[in-house]
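Undergrad: Chain residues, written in single-letter form:
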Amino acid sequence: AQKITQTQPGMFVQEKEAVTLDCTYDTSDPSYGLFWYKQPSSGEMIFLIYQGSYDQQNATEGRYSLNFQKARKSANLVISASQLGDSAMYFCAIGSGGSEKLVFGKGMKLTVNP
Amino acid sequence: DAGVIQSPRHEVTEMGQEVTLRCKPISGHNSLFWYRQTMMRGLELLIYFNNNVPIDDSGMPEDRFSAKMPNASFSTLKIQPSEPRDSAVYFCASSLTARIQETQYFGPGTRLLVL
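Just so you know, the sequences run in chain order F and H.
Counting in this note's numbering, the first sequence runs from 1 upward without gaps.
Counting in this note's numbering, the second sequence runs from 1001 upward without gaps.
These aren't lab readings, by the way, just hints derived from the structure by calculation.
Note that beta-carbon positions come from the ideal geometry of N, C-alpha and C, so glycine has one too.
Don't take every hint at face value.
[To be verified] Cut-off 27 Å, straight-line C-alpha distance, at most; resulting in silico cross-link-like pairs (DSSO-like, lysine-lysine):
1. LYS101/F to LYS1068/H
2. LYS1078/H to LYS101/F
3. LYS1024/H to LYS101/F
4. LYS73/F to LYS101/F
[Unchecked claim] Incomplete in silico selection of chain F near chain H, CB under 7 Å:
5. GLY33
6. GLY43
7. GLU44
8. MET45
9. PHE47
10. TYR50
11. GLY52
12. GLY95
13. GLU100
14. LYS101
15. PHE104
16. LYS106
With the rest of the complex left out, here is chain F (with noise of 0.2 Å):
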């Protein structure tokens, strides 16, 4: 069974500042993909950058990139240059096991302050 495990509860940083947000899997699929949602307090749920396990660079999104390591089974998000609108939650999911379902974490809270 495929897991997500996201231990920070809340972070907070300064605007234009870049921070990461941890998120650690695990998985016994050789075949995986990792994603990163962002919820801000309306409540939706937006897509923020896609990580396959086979992939050979760290995906970028704008001013989202993931650090991913493999061995440590880790996809970190980083975000540079933060903004007031980056103030949301965030969902670390992982889909795997060849199937379509995913496991998201328990999220976490990053506020941005001005």
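Dock chain H against chain F, hints included.
TA: Just chain H, lined up with the frame of chain F:
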């Protein structure tokens, strides 16, 4: 392009009543997922469909919950009878194909409160 559409956005009902949540996936997407989010349990997958066929309903809490997908553009999640512990945000998501690397796109959610 329209995203995943869910209705209603908010639902308040009394214990014992039937509740029906509706979802329209993104056009052309072949997989549809129903999730429930609570503070205690986080985001849980209830059931998912591929090409309108239920593939895995192991997350459905009990017989009070049922889900259908009569066609590619519509799905319902029904709770009958509803109980206060069913209060949660229910999300519908869809993806283009049934591959693990396929991104799931979420609807805005339905906030359900059962009194």
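Undergrad: Against the earlier hints, flag every one the structure doesn't satisfy and list their numbers going up.
TA: The structure conflicts with no hint, since it agrees with every one listed earlier.
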